[in-house]
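*Asks:* Protein sequence lines, in the order shown, are assigned to chains A and B.
Just so we're aligned: 320 in my numbering is position 320 of the first sequence, and the numbers increase by one with no gaps anywhere.
Just add 454 to wherever you are in the second sequence, counting from 1, and you've got my numbering.
Keep in mind that the hints were calculated from the coordinates and are not lab data.
Hints may contain errors.
As the list claims (entries may be wrong) - Footprint (simulated), chain A over chain B, 3 or more residues, beta carbon under 8 Å:
no., region
1, 457-466
2, 477-491
3, 501-508
4, 517-525
5, 534-545
Note that this is a predicted model, so its numbers are computed, not measured.
Note that beta-carbon positions come from the ideal geometry of N, C-alpha and C, so glycine has one too.
One letter stands for each residue in the lines below.
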Amino acid sequence: MDTTLLVNLSYIVAAILFIYGLKLLGHPSTARNGNKLSAIAMFIAVVVTLLDQSIVSYSWIVVGILIGAAVGAFAARTIEMTSMPEMVALFNGFGGIASLLVGWAALSEPTLSGVTLFTIFLSILIGGVTFTGSLVAWGKLSETLAGKPILFTGQRVVNSGLMVAIVICGFLFVTQPETTTWLYLAIALSIALGILAVIPIGGADMPVVISLLNSYSGLAACAAGFAINNNILIVAGALVGASGIVLTNIMCKAMNRSLANVLFSGFGAVKDDTMVIEGEVKPLSPGDAYYILEAASSVAVIPGYGMAVAQAQHAVKELQELLESNGTEVVYGIHPVAGRMPGHMNVLLAEADVPYDLLLEMDDINPRMETVDVAIVIGANDVVNPAAREMEGSPIYGMPVINVDYARTVFVLKRSMASGFAGIDNPLFFKDNTRMIFGDAKETINQLIREFSD
Amino acid sequence: MEAIYLLFILVLSIFLGIELIGKVPATLHTPLMSGANAISGITLVGALVASGADRGELTTILGTAAVAFATINVVGGYMVTDRMLAMFKKKEGGK
């Protein structure tokens, strides 16, 4: 049989497996098999590609694969679940640079049409933006860089100038392919754009950024697919691109902000100074908290990024078991943007062996909040802020939040009175039914556990 | 016409992807993202040809680097996704 035909038929099989694998990812009980199918699809695509007749030497391929596999496997095995967002950002970046390099390498083809040159330009551009954008996101998530939005005067002018330069450079690249200056300029511009696009975005908006970069990495693969006329790259890249778009959309909705708002402006300053938060903060010791918890018949736990930072998920699970053996019903309420990437809390709780059917989404937990005796907020702030409902002047006004203040009692586990990532005051802390338990979240929960054990 | 035909595939795949991903529950969004990330390492396929075809030293270097980066993405992405998904347990089905 003709090799090209064999390769393309195998690509169809791979595409089917990718699609079916994604379908299986739709339910926790089948997701693991879905991921395996997707991995098999990748394996098939790679193996049949090696049959390509234009490949004359395998030595460098083997070198590349060995290095990549060793690094990838090591990282995947050793990474802490709390650091997943950084890791995904970094992997995204690697996908981006790979697409950039593939686009660049495609320039060595003997004949290049205008359309192909244009797609090569796109794959370099999107690949470069994904690469540096992801590196900046990685820096912010791992706190190598400051999480605060970096803004400077004239930022918009610089960004607009960059866009114009990219369009001109693209035109020159396609019309004068023999001049390598345009190639290097394209690479430089894409790298600059990636950096400038992500630095003005604050840490609280990272779930949106990481979803968007995920989408870009897929689109970069698509563009590379156009550049080298390969349909499996286009199919797989488009699936990833679409997944990033869907997630970005969900994240934006959960924050009640448009994508443009997230990308071009950090959280604005508080607009309305007349906003007054009344009441006083009522601290509570873990010992007294224990008596309230012991008498409670239903408890809802609302985790946020602080739980990840304190590595408190295992202690939370232990407390859940003690409460359950005491006859208390325990559920978890997960806000879509809790944590630093979509679904971050769910993974941490899964790591601690919390069954996924106890994790309720915001729309499921809110209607039953009034029947909850104690809502325990662990390291979450903005996602439980009632100002989003009550104070029109608040920058987060209109954002859907988990209404913990409707529960009979709210425990807020917090290190100190500092405001959340968005830097906004939280009237929840001053409500009559709120009790603040100050200290490290993990330590506080361990104290509660000791009280239960005694 | 080749480009138009590829564009056709692109458009259909995006719609298919949006349909598929829209059905994934919030609890699986992190594994979905890292799994999708692994899929985006499909660029590896393009990198292999660039690395192995004898089209000059520069192309070989670019291709090999691309193979290494894309392989990190593929191997790391699938392994870490599998590691995460292995942790998702139902209440009764647990230990």
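*Asks:* Kindly indicate which numbered hints from before are broken by the structure, ordering the numbers from low to high.
*Replies:* none
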